[in-house]
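Participant: These are the residues of each chain, in order.
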Amino acid sequence: MTDISPTSADAPKPKAHGSLLEATPLMKRRNAAEKRFHAYGIAAIVVALLTLTVMLFTIIRDGHSAFYQATMTFPVTIDAAVVDKTGSGDVAEMSKVTTIGYARILGESLVKYLADEGLVVEGMTDKEITDMISKDAPARLRDRVLADPSLVGQTVTVDAFTGGRVDGYFKGRVTREIAERDSNVTVTQLDMADLMEEAGVLRSKFNWSFITAPDASDLRPEAAGLGVALLGTLYMMLLTFIFTLPIGVAASIYLEEFAPKNRLTDLIEVNISNLAAVPSIVYGILGLAIFINFAGLPSSAPLVGALVLTLMTLPTIIIATRAAIRAVPPSIRDAALGVGASKMQTVVHHVLPLAAPGILTGTILGLASAAGETGPLLLIGMVAFVTNYPASPLDGGFLDPASALPVQVYSWASRSDPAFIERSSGAIIVLLIFLFFMNALAIVLRRRFERRW
Amino acid sequence: MSVGILTLIVLALAVVGFFVGRSRAMSSVGGDARKLHSLPGYYGQTVSLFTAVPAFALMALWLFVQPMVIDARIVGQLGPQIAEDATASKLAMEDVSRIASGLDALQAARGMTNEEMRDMRADFSDIRGRLAEVGVALGSEVNPQIFEMAKDYRIMQARGAMMMSVLVLAAAAAGFVVALRRIHGEFRARNVSETFVRWLLIASAGVAILTTIGIVMSLMSETIRFFGMYPIADFFLGFTWNPQFRGGSDLGLIPLLWGTLYISFVSMVVAVPIGIFAAIYTAEYAPPKVRAVVKPVIELIAGIPTVVFGLFALVTVGPFLRDYIAMPLGLGNSGSSVMTAGLVIGVLNIPFISSLTDDIINAVPQSMRDGSYGLGATKSETIRKVVLPAALPGIVGAILLAASRAIGETMIVTMGAGAAAKLGLNPFEAMTTITVKIVSQLTGDIAFDAPETLVAFALGMTLFVITLCLNIFALWIVRKYREQYE
Amino acid sequence: MNDMRIVERDVDITENKITARGVQVYYGTNHALKDVDVDILDKTVTAFIGPSGCGKSTFLRCLNRMNDTVASARVEGKILLEGEDIYDPKVDPVQLRAKVGMVFQKPNPFPKSIYDNVAYGPKIHGLTRNKAELDEIVEKSLRRAAIWNEVKDRLDASGTGLSGGQQQRLCIARAVATNPEVLLMDEPCSALDPIATAQVEELIDELRAEYSVVIVTHSMQQAARVSQKTAFFHLGHLVEYGETGQIFTNPQDPRTESYITGRIG
Ligand SMILES: Nc1ncnc2c1ncn2[C@@H]1O[C@H](COP(=O)(O)OP(=O)(O)OP(=O)(O)O)[C@@H](O)[C@H]1O
Ligand SMILES: [Mg+2]
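Chains as they are written, first to last, in our numbering: chain A, 72 to 524; chain B, 123 to 608; chain C, 453 to 717.
Chain A with its partners taken away, still in its complex shape:
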């Protein structure tokens, strides 16, 4: 290195650098540092992508089975003596029979059917067989009979879920060792389940009710579904869209096109960028205090959820919308103003149509992030256990209790039965598909509009 440094101001012409074709030792070190630095960059990318992959992989691994459910198919004779004691065929009378009666019918039919088919496990009691049927099946049978009283006295084919543990056995969650320790399932039942599967009585079927059915209690993971949560999320998204689009566009137009440069405008601007960074849980507190406690709106209602999400996403949407409006070249405004259009006409006729794709995209992306929001919804009671679908919007459904997809993910994840982890992951899959479609919609809309202008 000594030969490199110039020694004094009047040094001879610096021939110091040597040949270009061979790297100096320093150059080798510098190039090694260069390679290392590059490698750090790649490593960072790999770590990020790997984590994403692992996360999606575990969720799909855990969750895909939620869409399949072990289902037994067997004939059931609907005993008139049980379900219609008076023999009147009157639905009002029949509805006095609770699910307990139907459970007995189902149990007896299954025991008899298995015996007839010759599916026998040594030492298995009738109760053990009956217990294999999901606690949910009687309710479904009851609904079916009440909907069609002519079924009374007939023999119908019933698809009934097995209990969650037997289902877990087929999904690999429950093993015989576990079953020995678990009071909710016996090894004998698993033996029987194997037999039934061989005989084709028990099969794994696509489980529509996971998507359509309402939530179910801790003891019936097999029956728990996303129906109410999906409806709740849908209602909230609809309302949030209706609230945010006009307010967001109006506020952005004002700030971009009309607002005078003064203290108030500055205050609003600073306000908006700060609101965009306020933790979402604070909006939950706001919703609880103002909408529920002060204004007396019902908790768990999609309307309240939508109001909270609106306030939460408005700042983001306003920021995106303003960017879209700003992207419209000033020459277009000048052109319109130049032919005598008013400021408002300029904005409505020229600026807004040109900014529309950007605005829509921003709004939908804002909604997509709102759709996954959980924390604030917990505070306004959307985590409550809701088993009734909210009514249609025209019948005040926006005020009925409902759940939301991400909240359902959380509430299932916090239950103790591992079967609910499967449900929770399954719910995430549905949620991600939902978000995927929202994002795809944003992209498609943008493309559409972009071509036109």
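Honestly, the hints are just simulated from the structure, not real lab data.
Just so you know, these numbers come straight off a predicted model, no measurement behind them.
Ideal Cβ positions, reconstructed from N, Cα and C, are used throughout, including at glycine.
One thing to keep in mind: the hints can contain errors.
[Stated by the list, open to error] Here are the computed lysine-lysine pairs in the DSS-like style, where the Cα-Cα straight-line distance is at most 30 Å:
no.	chain 1	residue 1	chain 2	residue 2
1	C	Lys486	B	Lys507
2	C	Lys564	C	Lys575
3	A	Lys99	C	Lys542
4	B	Lys501	A	Lys99
[Said to hold, decoys possible] So, partial list: chain C residues that the calculated Cβ filter (under 7 Å) puts toward chain B:
no.	residue
5	Met554
6	Gly573
7	Thr630
With chain A's structure known, arrange chains B and C with the ligands on it following the hints.
Facilitator: Frame of chain A; chains B and C with the ligands shown alone:
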């Protein structure tokens, strides 16, 4: 008349108003649009706006105020003792509204007339049984006083709804007529409707300010109430967090603050280097094609809801850390831990930091890089010694914003950090955060007059102030930085 | 022309610093530089002149491979620095740029202190062993760039806080500090006032004692004042290359003549 139908009627009226207003303007000048001051559409627009906007504003106000008025009246009927006791009156109100909604269902199911409903008496008919039939389960027999109040409640609600419908329709009609009568050829419809719209725009922009006021007010009022019940010093300086159902709770902030900061610190240790290096790679090294794929995929992480990360922490990361690191090293056997939550929040923040940093790096002028290359610097030397220092303020801003997000993050800590308030250094131990406690104190059965509930507002206030300071500082830095290169 | 060839051939043997043969540059499909042959002498100032967009900067950037940083650029042909092909795969462009320094049209000081701006090159190339040596190089370079007196009291101030002319001289000092053998200057005076321009021109003249300097300029007077050799580029072609005096007084090519007399460009 339901709100939905009322809305539709007003909207329909507004649409009709548009056409009537336009045609009236046209006929006033004998069909020659050139004689009008404004384009015909503006006359229609004016009528529409005058019809719909006041009516909807009135409706929103009414819907907001009516429940408060009715509740106050019902509570007034309970007699002074109960009315003054917040819990008791709240419970009574819940009973009243539940019975009332049961009665609604009953009337719908049985097709009863209003007279029949009015004659129903709690002490004669089996109200509880009847309500159970329509799916409204009551805990005890119905108290006749409460039952009468429920009937009153229904009547008041019905009257309120009736009055609202009448007033809203009247407002719409009045707006319609007033606007229509002002229309003539000289009427400056464009100016009037534009001024009207302008006020609507200003009101929309004002929502941002209202939101902030709402946040501050709702946090403040309950926080002040909390400090009326619980000493302020014990909250801010207390080392124990131990809420009790029966009072006598210790509600010290410090363990929660510690957990929050510790977890945020771990998350930043993960997110900052990975985020910055990822940004350096995408902005400086990646060939365009790789960049076009990698950047959106990393940003995909930002679009995944936090509850998904929470489940990942709960099901995958927590057990992994417990089984392969904490237990072998004897550092504890808890799946939820500072490490679990910190790592996962870190991953969540990677795209946040990397995309902001990427933007900031791209804003550094190319001439700066050329200068460095021209002197014979390698790429990494240029990045480390020229680009990053030039981008530093912006990157610091991004990091502060990410820190504020980590501090305010709720779902991942709720599912991955644990619930035990502890002051410890072992990162494999469960600790808890401010946000976790806000959620746990404000979900389930809550009583708004107990310090155990109200403390959540004080926690919220603390969180709000901390994050606000960080955000203001960060946004200020970022803004300063932008100005530098504009 | 003929005399010139002879002179050139002489130089070829003795003092040729850079030899370019058949250089072609493409930006994507845009053929920006067409078949350029040129010999740049040591201890000489060479001026590149020509109308805007004719490829002067492009050729300059070929000489220290700055075009490598432009993704779409493709360079063909041979460029030799003291007989070594600088586009040889074995050549590290970083090492090349230490020998062939560059000053840009727009002053681009780093957002660091004045001292750090100048010390940057010596530091990365490991030219010094201790702080004293570094201080010495910094001072010497700032003196050579004729800016020492203006900044010696505020070496810790940010380089971006200087005036445009001061910034440009700072950038020159920064380039000189690396101790290059060739100094490329792309319109170094376009952002400067006449006084600063005069200072830079004086500096260029001094630098000639040790370096080979290549300067792109739009000012014919400047080319005439500072350079010994001049190359005229037009539409990607090197039209004429020779002694500065000859190019300006007795151009051989009609295009050169019309450019110099102000008819094209
Ligand atoms: N980075 C680039 N990408 C694509 N084309 C380029 C790029 N840089 C230069 N060109 C093109 O190459 C040609 C020569 O450009 P160059 O910058 O060398 O001109 P110049 O002689 O330096 O002009 P000026 O006197 O205006 O600086 C031009 O046609 C220009 O458009
Ligand atoms: Mg140029």
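Participant: Hints first: check each against the structure and report whether it holds.
Facilitator: Status of the hints after comparison with the structure:
Of the supplied pair hints, the one linking C/Lys486 and B/Lys507 is violated, its CA atoms being roughly 37 Å apart against a limit of 30 Å. Annotation: proposed proximity of C/Lys564 to C/Lys575 holds, straight-line Cα distance about 14 Å (limit 30 Å). At most 30 Å may separate the alpha-carbon atoms for a hinted pair to count; A/Lys99 and C/Lys542 meet this at roughly 13 Å. Proximity of B/Lys501 to A/Lys99 is assessed by CA-CA distance (about 14 Å); at most 30 Å being required, the pair is judged to hold.
The closest approach between the C-beta of C/Met554 and any C-beta of chain B is roughly 4 Å, which is under the 7 Å cut-off, so the hint is satisfied. The restraint placing C/Gly573 at the interface with chain B holds, with a minimum CB-CB distance near 4 Å, inside the 7 Å limit. With a least beta-carbon distance of about 5 Å to chain B, the hint placing C/Thr630 at the interface is held under the 7 Å criterion.
Of the numbered hints given earlier, the model fails hint 1 alone.
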